[in-house]
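Trainee: Guided by the hints, dock chain L onto chain R, whose structure is given.
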Amino acid sequence: MKKVLRINMTGETVAWEALKDDHVLLGNRGLTAKVLTEEVDPACDPLGEENKLVFALGLLAGTGFPTANRLSVGTKSPLTKGIKESNSGGNIATFLSRHGIKLIIVEGKPREKTLSLLHIDADGNAELVKADEYAGLGAYELNEKVKSAYGDNIAVACIGPAGERGYSNSTIQVTDYSTGHPNRALGRGGVGAVMGSRGLKAIVVERAKKKADIMYADRAQFTRGTRDFTNVLSRNRATATAMRLFGTMVGMAVTGKSGALPVKNFSGERCMILDKIGATKFQQNISQRGGSSSLPCQPGCPIKCSNIYNDANGNYLTAAFEYETVAMIGSNCDIDDLDTIARIERMCDDFGIDTIELGATIGVCMDTGILPFGDGEGALNLVNEIINGTEFGETLAQGTEVTGKHIGARRIPTVKGQAMPGYDPRNSKGTGVGYATSPQGADHTVGTTSGSARDFLKTGRIQMSQKIQVLYATVDNFMCHFAGLPLASTHRYAIEHIAEAMAGKYGGEWNADRVFGIGIQTIMLEKAFNRKAGFTPQDDRLPRFFYEEASPMTGATFDFTDEELQQVIPF
Amino acid sequence: MDFIYPMTKIIFGDGSSTTIGAVLESYRAEKVFCIYDKGVKEAGIVDPIVEAMHMAGYEVVEWDGAQVSVPYSTVMEASKIAADEHIDTLVAIGGGSAMDTGKAVNVALTQPGEFERYVGILDAGLLDGTLMKPYICIPTTAGTGSEVSNVAVVYDEEAGVKKALPQPEITPTAAIIDPLLHVNMPPSLTASTGLDALAHAIEGIGGVRRNPMMTSWGMTVCDLVFTNLPRAMANGKDLEAREHMAMAATFGILVGSYAGFHLGHALGHSIEAVTHVPHGITCAFALPEICEWYADEIPEETKKMAAMLGVEVAGRPIADVGKDFKQALRTFYLDLNCPKTGTVIPDPSDIDRIIELALGEYTYITATKRPSRAQLTEILEAACESLR
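These protein sequences, in sequence, are chains R and L. Note that the first sequence covers residues 1 to 571 in the working numbering. Note that the second sequence covers residues 1 to 388 in the working numbering.
One chain only, chain R, in its complex shape (with noise of 0.2 Å):
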């Protein structure tokens, strides 16, 4: 796992090299960070010529390490101007590691306007394929058209027409390792539109006829770290039942109760159309149209939180549908039809956008009166304006905060350009401080603190967002989120697990305080990188309206002081 492969796009080469020494012990988040740190000026435009994108596998990626297996790709986002990383399951970091490749940078931009797509064939070798044909297509057409072209064997990564165009809200689309369609995302900010700028169309691996070699320092410790590690995925009831039985749709059971599920654009009131797009009724409609639950996105993985949702006449419609897609686009929305929601969701991951930004953008939308908040058909409409590439289409697809000062909207839920996920920050007020202080912008997979008691509170919220920031920002080089959540809960301990794997793999002394350096030097990285892009503390702020309108649901307001934001991350 120590391969680096480096596109150039102007001079359309491809290279091999090694991993440098100092990039080993990092990985995904932490990986795009440091070379982005090293070999981008964080002034740069994001579109143009010296961004670059940089693709990234875990730590243990091609291990057999439990979720080791998902693709982070990092630039300096579009959207909010500053560094950004996002990643997804799926089969492609699999399909990569198997090669042995680590890291995939791509730079440059084609001369002319053309199409290009990254081809790693069986046998490991990479090129640059001219890709023309292929424009305009969305995912789901386009990845059948490469599998004609490379079998059926294959992961693929790809940009929709969004990312073609441009536009700040569009994401990088990944099979699936259960359906072997492009419906998982690197959603957020506007990752789409670099790889877009680039001219590269999509990156096709074929399954590498012979596995490459994973080196360990002793393979016995490694097996044991696994073991215990999975072992507590197991024993752990978010991971062992919630989330197997319900997928991330679970969530809804406990925003709703909380308040945290945003309502109306953020209006903090209660939600009362819970029993039409809740958790119960979404598996209602899986298991009575034959879609299925409980399937892994990646190969391997034993959480299985993903699913195939069907239409009304038992027809695919699309998969992982979760929890933020329907909170945003159905809760802050007030769309109480989940099929309206899921074709709307299937229409973002074909055309390349990323629903939470969407979401939001429509939520505005509804708030300034274009639409009534409710109105489903309206919200399609929307999607089909980006589409068609309307006047107003391509405002949205800006995303939120273009849209909403555009729209004169007096409401705008976004930090740093982005828009926030499925947690208000009234009634989240941990996830609040994470949206405020993270590097990334308003996320929530920075980490959040959703399901503490009276999360309405800001009682200790304060190091609750820095211990959770630290912790995401460590499981974020090694896997899934979701298999980091015993680590938030009384499973704790299982970094020690960790520790043991690493040392089974990298051999030296390992322990939790060395694990979770990895996440804080991550966060230093992201920090020192926006820092030189222009970002003050100023920057890490909530709109004012949170601070202004109390949640008519708990009577609860943002109410953080400056000084306290400043503590949150004081490196």
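Treat each hint with caution, since some may be false.
[Unchecked claim] The following label-pair restraints were derived from C-beta to C-beta distances:
1) Lys80/L <-> Ala512/R: 27 to 33 Å
2) Gln375/L <-> Lys276/R: 55 to 61 Å
3) Ala220/R <-> Gly113/L: 56 to 62 Å
4) Ser234/R <-> Ile4/L: 19 to 25 Å
5) Glu42/L <-> Thr459/R: 36 to 42 Å
6) Ala220/R <-> Gly129/L: 55 to 61 Å
7) Glu549/R <-> Gly113/L: 44 to 50 Å
8) Gln375/L <-> Ala512/R: 43 to 49 Å
[Unchecked claim] Among the chain L residues that face chain R by a calculated CB cut under 8 Å, a handful are:
9) Gly120
10) Asp123
11) Gly125
12) Gly360
13) Tyr364
14) Ile365
15) Arg373
16) Thr377
In case anyone wonders, no lab produced these hints; they're calculated from the structure. Ideal placement from N, C-alpha and C gives every residue a C-beta, glycine not left out.
Mentor: For chain L alone, coordinates are given in the frame of chain R:
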């Protein structure tokens, strides 16, 4: 493994219902709202209990409007009276419906906003109003176990659907289980409620949250039902049989609700919704086939349960034991003169609708051995066939 068991204080024994005065003393009661239905009143069960409360100096507001399935309208009616009367304690005397009514009234009485907010299996809102009133249940049947359970089933008449009220806080504060109140239950009611208790135990033994403590209680409940239900059917005044069935009911629901129901209740609720046959019968209807389906999921437990019914288990493959257990359970059901297919699912064309509903049941979704639509249909059709 992790669990929360909001346990009820249990006062058990012949004649214990008339000790209610002493029980209420623990909760500093002064004015009691007493819920029951007209049938229980006519059976003469209510008066001695109300008298015992009067004798202990409590003011009692009686309300005889409890109805089968707990329609929302009855909950609203009762909670309005309770609020107007400024009662401080709730008592319910009756079967599952009366006791579930009390749970729902307790929520409506103490919690702000629409009652609907607190309903729904996973998506119910938190109880964030004032504390619940002390709530004492006195069951008059041996089956539902509602007197110690943390859930109620209520009926939304407008939507035409039954909904769960799954709030740990509604678990009754105390349950007074007096087997003497059960001696006049007619055989059919004895059978349907007793089978409900059996289904609770059997399903809990294979439930998604099963654990050794619940399994051991579940095994004992099975044993009690297998031995005592036929006796209580044959002679309603068999006090030992009544006592053991009362125990089986109370402990059976603890096993079922804490360890988790599965296919028996998934099909049971669905049959009930379509053909309106009593709950205990619908849950037990396909239980033999379900036990066979679950045999390899819980082989050791299956062998123990099968042996209780005289099935030879030593050294035999689990599939064979499962088959014989199915047969033995079917015989047990038939020997109780329980309703056959012609009564439970008279119209075979209802099966598709029943299966569709069952696939949407929480207890199906959380079953640890989940059959496909086709497999569940086979299970139900096999049950129909064997009871034709």
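Trainee: Confirm or reject each hint.
Mentor: Verification of the supplied hints:
1. Lys80/L <-> Ala512/R: 27 to 33 Å: violated (57 Å)
2. Gln375/L <-> Lys276/R: 55 to 61 Å: With a Cβ separation near 29 Å, glutamine 375/L and lysine 276/R fall outside 55 to 61 Å, so the hint is violated.
3. Ala220/R <-> Gly113/L: 56 to 62 Å: holds (58 Å)
4. Ser234/R <-> Ile4/L: 19 to 25 Å: holds (21 Å)
5. Glu42/L <-> Thr459/R: 36 to 42 Å: violated (56 Å)
6. Ala220/R <-> Gly129/L: 55 to 61 Å: holds (57 Å)
7. Glu549/R <-> Gly113/L: 44 to 50 Å: violated (20 Å)
8. Gln375/L <-> Ala512/R: 43 to 49 Å: Check passed, 46 Å falls within 43 to 49 Å.
9. Gly120: holds (5 Å)
10. Asp123: Where the cut-off is 8 Å and the nearest Cβ of chain R is about 4 Å from aspartate 123/L, the hint holds.
11. Gly125: This hint holds: glycine 125/L lies near chain R, its Cβ roughly 6 Å from the closest one there, short of 8 Å.
12. Gly360: holds (4 Å)
13. Tyr364: Check passed: Cβ of tyrosine 364/L comes within 7 Å of chain R, closer than 8 Å.
14. Ile365: holds (5 Å)
15. Arg373: holds (7 Å)
16. Thr377: Threonine 377/L check fails; min Cβ-Cβ to chain R is 13 Å, beyond 8 Å.
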